[in-house]
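This is what each chain is made of:
Number of protein chains: 2
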Amino acid sequence: MSGFGEATAVRRTGEGRYAVALDGDFGFEQALNGGYLMAVLARAALDASGRPYPISTAASFLRVAKPGPAEVLVETRKSGRTAEVARVSLVQDEAPIVDALITTGALDGDAEPLFSEVPGRLPAIEECVTFGGDKEDGFTARIDMRYDPATMGWLDGRPGGRPEMRSYFRLREAYEPDGVLLALAVDALPPVVLNTGRYGWSPTVELTWHMRAVPAPGPLALYGSGRLVSDGWFDEDVEVWDAAGRLVAQSRQIARAGRRPS
Amino acid sequence: MSGFGEATAVRRTGEGRYAVALDGDFGFEQALNGGYLMAVLARAALDASGRPYPISTAASFLRVAKPGPAEVLVETRKSGRTAEVARVSLVQDEAPIVDALITTGALDGDAEPLFSEVPGRLPAIEECVTFGGDKEDGFTARIDMRYDPATMGWLDGRPGGRPEMRSYFRLREAYEPDGVLLALAVDALPPVVLNTGRYGWSPTVELTWHMRAVPAPGPLALYGSGRLVSDGWFDEDVEVWDAAGRLVAQSRQIARAGRRPS
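Line by line, the protein sequences are chains A and B. When we follow our numbering, the leftmost residue of the first sequence carries the number 1, and every step to the right adds one. When we follow our numbering, the leftmost residue of the second sequence carries the number 1, and every step to the right adds one.
Heads up, a few of these hints could be off.
Identical chains blur together in the list; that is why a pair holds if it fits in one copy or across any two.
Stated by the list, open to error - DMTMM-like, lysine to aspartate or glutamate: derived pairs with alpha carbons at most 25 Å apart:
1. K78 / D47
2. K66 / D47
3. K78 / D108
Hints listed in this document are in silico derivations from the structure and should not be mistaken for laboratory results.
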């Protein structure tokens, strides 16, 4: 099993063109994970801009990606003093799979916030629960998720009623959080809509995430919540807080609610 | 003074090409309003797809738009059963001004939510305050904003400390809320960062918004808040609730904090 760095590696083949090999271990039976695909896009955008961090990423998920070879196209649209913006696309079998707008730039690792919301609270990690973790490959073999039991009633057919999900997150390898790993973190939770009793596949249509600070080493805390489940659509916000108690990433996705009631 | 419909009108000039005339009244001295530009992009995307609503819009603001002629380019990337996705760009003087990913589709005006967060509360409209409203042209002459006084301390040099801003919103013309007007609504509040004492221009870098329901006639309520002001960046979430008490749009932007302290 390759590491996260290898699984997201991009190889420059020309001006704004990168070859990639998508790793089936970063997915589930239905599709490769969207956060994994955004991590691959981030690597290409960072290489093309020469800037250190993916400040802002907006991604539209058009088609299901398959494990195996694919290409990332990066088209620079604005190169400014503070940031660079590119249109970035993942292409497979000549069809666009993910279209993204990615802003890259610098962040000051020592910045002191002028204002910060206070973090939420997760139970101590030893009081959290796992699921699906005995497999030797796939998503749960790569990522160690420890869920807040208060958000896991859906596992036993007792969804809590509110669209929420909370968990610790870290890779099962020696890879500490960085900007690219945050892309994986913001889409790592099971869909919050499971707790409203909508089961089945919940494909993401659009996900935008922002990197807000340089993460400290250690496990990340993911806080997922939604505001509205209606008309077949739901939103999912995920905040990522690092082990030093700082907000390092925030995301919102809009997705289709699973069609299977509990 | 033209109406909102005329100010956002697009004229098809070819496959995926639209001519527009940007109206200087939808802006301030520094720039045209980003929400207004997104409304123009929405008109073009809706015309190109033939679908009724802008479900999801992610926009990167690359350069300042000037009043006058411009062009919108629409490139369809996926046309599915539920939704269509296009890359949409506003171009002026041969430079991209705004790049967007826009998903269009249908919404059921009678949908009953499976889950909805409860709305916030604004004071009664007659207890709210206005500012800058005596001008005969420009943004405040077109839009009637009535602000929650609890979020307006910055006007008197007493910023409340929290990045928040709340207001009623309606046009000063007979135009009831629709999908395109929601694009204007999500970017109509003054920057929430004013309440943390950062004055001066706060340019939006990226804004993503989702239309969640078909709005009822009447004034809209805008709830703006941020989670982190740090390292020159801030986030601003805006929820739009309609007069029937339903969440009709939600947005988040990432922007540069004004450089002038209070």
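Enumerate the violated hints, using their earlier numbering and listing them in ascending order.
No numbers; nothing is violated.
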